[in-house]
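Asker: Here are the chains, one letter per residue:
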Amino acid sequence: MSLSQAELAVERADSGEETGGSLLGEAWKRLRRNPVAIIGAVLILLFVLVAIFAPLLAPFSPTERVGQTTPTSIPGPTAEHLLGLDDLGRDELSRVIYGARQSLIVGVVSLILGATGGILLGLLAGAFGGWVDNLVMRIVDIMLSVPGLLFAIAVAAALGQSLTSVMIAIAVVNIPIFARLLRGQMLAQRDSDYALAARSLGVRHRDIVLKHVLPNSVSPVIVQGTLTLATAIIDAAALSFLGLGGADPSVPEWGRMLADTQRYLAVAPQLAVFPGLAIVFSALGFTLLGESLREAIDPKYRR
Amino acid sequence: MRLSPNPRRVLAATMGGVLAVTLAACGGDSGGPTTGGDTGGTDDSAASAKTLVFGASADPVIIDGAFVSDGESIRVIRQIFEGLVTTEAGGTDIVPALAESWEVDEAGTTWTFSLREGVTFHDGSEFNAEAVCTNFDRWYNFTDILQSPSVSYYWQTVFGGFAQNEGDLPESLYSSCEAQDPTTAVITLSKPSATFLTSLSLPAFSMASPQALQEFGADDVSGSGESPQFTGTYGTEHPTGTGPYKFQDWTRGDKLTITANEDYWGDKAQIGTVIFRPIADGPARRQALEAGDIDGYDLVDPSDVQALEDAGFQILRRPAFNVGYIGFNQSGPPMDNPKFREAVAYAINREDLVTTKYPEGAEVATQFQPPQLWGYNDGVPTYDYDPDKAKQLIEESGITKPAVEFWFPTDVSRPYMPDPAGNFQLIKADLEAAGIAVTSKSAPWSPDYLDAVDNGKAQMYLLGWTGDFGDPDNFIGTFFQTPQKSWGFKNQQLFNALDEAEAEPDQDKREELYQDINAQIMEFLPGLPYVHTEPAIAFRPGVDGYVPSPVNNEDFNKVTLSEG
Amino acid sequence: MLRFVVRRLLLLVPILFGLSVLLFIWVRALPGGPAVALLGERATPEQIARIESLYGLDRPLYEQYFSFVRRAAQLDFGASIRTNQPVIDEIQRRFPATIELSVAAMIFAVGIGIPLGYFAARRYGTWLDNLSVSGSLLGITIPVFFLAFILKYIFAVKLGVLPTSGRQDVRLIVDHPTNFYVLDGLVTGNWNAAWDALQHLILPAIALGTIPLAIIVRITRASVLDVVHEDYVRTAEAKGLVKGTITRRHVLRNAMLPVATIIGLQTGLLLSGAILTETVFAFPGVGSFVFGAISFRDYAVLQGFILFIAVIYVLVNLVVDISYGLIDPRVRVR
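Residue numbers (the working numbering), protein chains in the order written: chain A, 1 to 303; chain B, 1001 to 1564; chain C, 2001 to 2334.
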């Protein structure tokens, strides 16, 4: 390869960022035309807005008792309480609304922790290669050899009952997924034309990674992140369903609300249905958008 | 009233018919299906062909009274074993069982039991005074891990220590046993005790066949891996007593089967087979009853009582023999401040708590023992809900920023506390309304929560107690007779008063003493009792003769089954 | 080929080593330390000291680790605090139930998933396709415990047609030569028992099989779409081969490769999904036992179970990898 060709390749790669941008732009166009993506985005938007503006939207405080209940009479939906009261006489709608906050916080924090950890590990493996790569990938293999939920249970059990341990548990489960993803991206791009070309031009290794490889890994990470939020919401619900959630039961958490009201199945089945639907719809939102994103960005999935 | 016929059962019956033909064609086979219970429309002639399936909340731990303190093990042990004495059906009075009569000498330390004649164990060996002494000496001589409080809990509660104490245990109340003749056993105690006889009704002190204990290595323990384990097969495959039912088999996690003892000395069982089936999940137990998978179950959730009754199921209620309370740990501020404890008592709306979380029959508690038990005092201070007074008392207490750490257990449902998290949330809201900041602390019931409470780590906590026998000593004596880390106080006056009451031989005087102590306790306010409940048990229609007992001494041998 | 298998087997060594270190550290990181965690309820300081010296918890860490590995290699994971039985016995006793449930769930997932995915692909863009795609997305997002709740409410509580708990009507007197209850019924000629066991499997199998179903539908659909557009299928069509022959000979056979992989990979997920499913349906398998172990802090059981599941998971992946290598030589080059 002559020098000029190499320069050309680098140039192509640099402009490739622009084409990458227009690729993203094209993806965006495809996304806007995809009804599945729009439904997903709307669900997410709804979920995020509800979570952020919970104090404005909730008609009552989630912890204030607004009516008298007994174990055998729990009022269902009325005009004043659209989803009825919960077993302690609190407004169910307000609790479901505030529950969105918990889910969003757990989802986002565990995603950020897990993705950061995974990306760093993946970078380490991809950038150094050799024994570092080997070591990191074996650690990733080990972490992946325990099924996700079981892994999260083990971590949460060791850390004790709190919201923080739920977030850490879910984050830890996500680390190997992101690590493997990023390393794969790095390997694919390390051998790409522009990276070879840049190297032959004497561009420093670090700069290649930072300027070319990393930016090109953004879209798969975004896709994976969106899908991870869906599993994070479900796993957090599963953990609190198993009794490994936050310490204070008066803080509304969908998984716990669903678990705690199983006993009222005969008297007030609605108490399990509403938080259950909330979990399904918020997780569905992230799944729909994530899948559409993947299709839009990666042509292999298009069809 | 019977629910609409279950299509599955009809189908099963049809399949049974088909099978009979198939079997006949094959020349017969022993493995044919025998369906009892509500499908057995044709075989109600022979009682022994009937089967009752009971939904338990968990697997038993081991079928050996000496090693258990959990309700599900005890439920099975009660059917297979008997003690020297027992409690009357549906009450707490002591009546004869394997001992026909007994007397105590003037010193109150030598007890002579006249035993029932002609009783045999399920393995055919004879029950006699030798057997009684073998059992007592077995418990008395426990060593090593068997001295762990979680293994021999009841022995340590009643008798204190062992022949050779390995840990920091008191001298044993038991001193020796002598078989004077085959029907006379003499037990000598190291000091008089008013509760000795009553406590012998506990399933922990039931009589096991010495031959079986020996043959199947009841006390064999080995250490393998990182924790001890029982290596003998006695408690898992060969429990052998004298009771109306015999152990048949046990598939862990699936079912435990007992069958009628045809040679039983008393009322023979009406139902040939009783199966205990563990269903851990409360709602799943109710659904199993509704679906006809089981004939009855215990620990009915308060919210299910009404629905089950409406659907025609029977709800039996045990007399209230328990107490749910909030414990205060006085080892540090603010709980060591009497005014603050009083403020907490006034701040909590117990009336509302009981209405919201408990079923019919539950009542607000004013003291640490149920009203049905002698020694109850109508005149104790009651601290009726008064948030204003609570705020005022906090001011008087001199505590400027009142804050507490409040513990509640998870993964548990107790008769006095069906939904701990629910109770916690209501109490937390009340405390916060009175201006007390509450930090939530939770842990799984066993072992983390109980550890935290027992070791004095929990400042305020939810706990309770179900009585084992009909004596106030079993309630307030258990709680307050000795200094305990969970309460964190040393009140010598109270300890002495309880010692005196326990040793008092005159019943009328004892009653008076306990009444005084109950008042004294509620003035001292070491915790706040809030509820006595009537734990419910559910059966399908057609199950008759089950007598609910305040101390859970419930026999299946008087139960009958018919089409509901 | 042999070299490939040997290399894959060698890769197992670091994984198992790492896993054992992880589990070893885990028990030591638990609140209260290993003696308290393993001894459980209200142990006295004397007992703790005794247990610690008895089991060498006062010896150097590396010695403890080697003795842990030695015991684990002999399948000795200690005894359950709740039942005092060896953990391996508990797992063995309950494992057939979990396998039976997992197989039923897999039959449900494969039996519906492959035809649905296939027809969705062949009728690309029709309502059937859209329905199966959106249905499978919903299937992935619905939590197992919520689905179980809905199934129970509809089929058991409202309609009363299916049992909600257990593996079999306990009133039936049945021999269990294999401990797979449906099989037992068939082997012993007890049709009644087999039918009853099968009915008990239906709801939990649906609850557990829904996520694999959703994934299999999507993978089948995607790989059928891939294959249909491959040249050889087009050629076959151009050659005028009958559609049925094309389907059989080319499309299905080639499309099944990724599907088979996914089925293998789902095994581990089924085992962890069984924790929730078995608990909600009171199904006496390993999963419900582990749920109990979580709430009772029965760490010996959790330790044994995690190692057990991980080894199965790793082995299944290995088998998938090797068989993949046998079928598709290109994989071996990597």
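These aren't lab readings, by the way, just hints derived from the structure by calculation.
Computed from a prediction, not measured in an experiment: that's the story for all the values here.
Even for Gly, the Cβ is constructed at its ideal location relative to N, Cα and C.
Be aware that a few hints might be false.
[What the hints assert, rightly or not] Derived list of chain B stretches under chain A, where covered just means 3 residues or more per stretch with a C-beta under 8 Å from a C-beta of chain A:
1. 1199-1210
2. 1303-1312
3. 1353-1361
4. 1476-1489
[Stated by the list, open to error] Chain B is faced by these chain C residues, among others (derived, beta-carbon under 8 Å):
5. ALA2073
6. LYS2158
7. GLY2160
8. GLY2292
Asker: Next step is simple, just say for each hint if it's right about the structure.
Answerer: So, going through the hints one by one against the coordinates:
no.: 1; hint: 1199-1210; in the structure: violated (count 0)
no.: 2; hint: 1303-1312; in the structure: holds (count 5)
no.: 3; hint: 1353-1361; in the structure: holds (count 5)
no.: 4; hint: 1476-1489; in the structure: violated (count 0)
no.: 5; hint: ALA2073; in the structure: violated, 13 Å
no.: 6; hint: LYS2158; in the structure: violated, 11 Å
no.: 7; hint: GLY2160; in the structure: holds, 6 Å
no.: 8; hint: GLY2292; in the structure: holds, 6 Å
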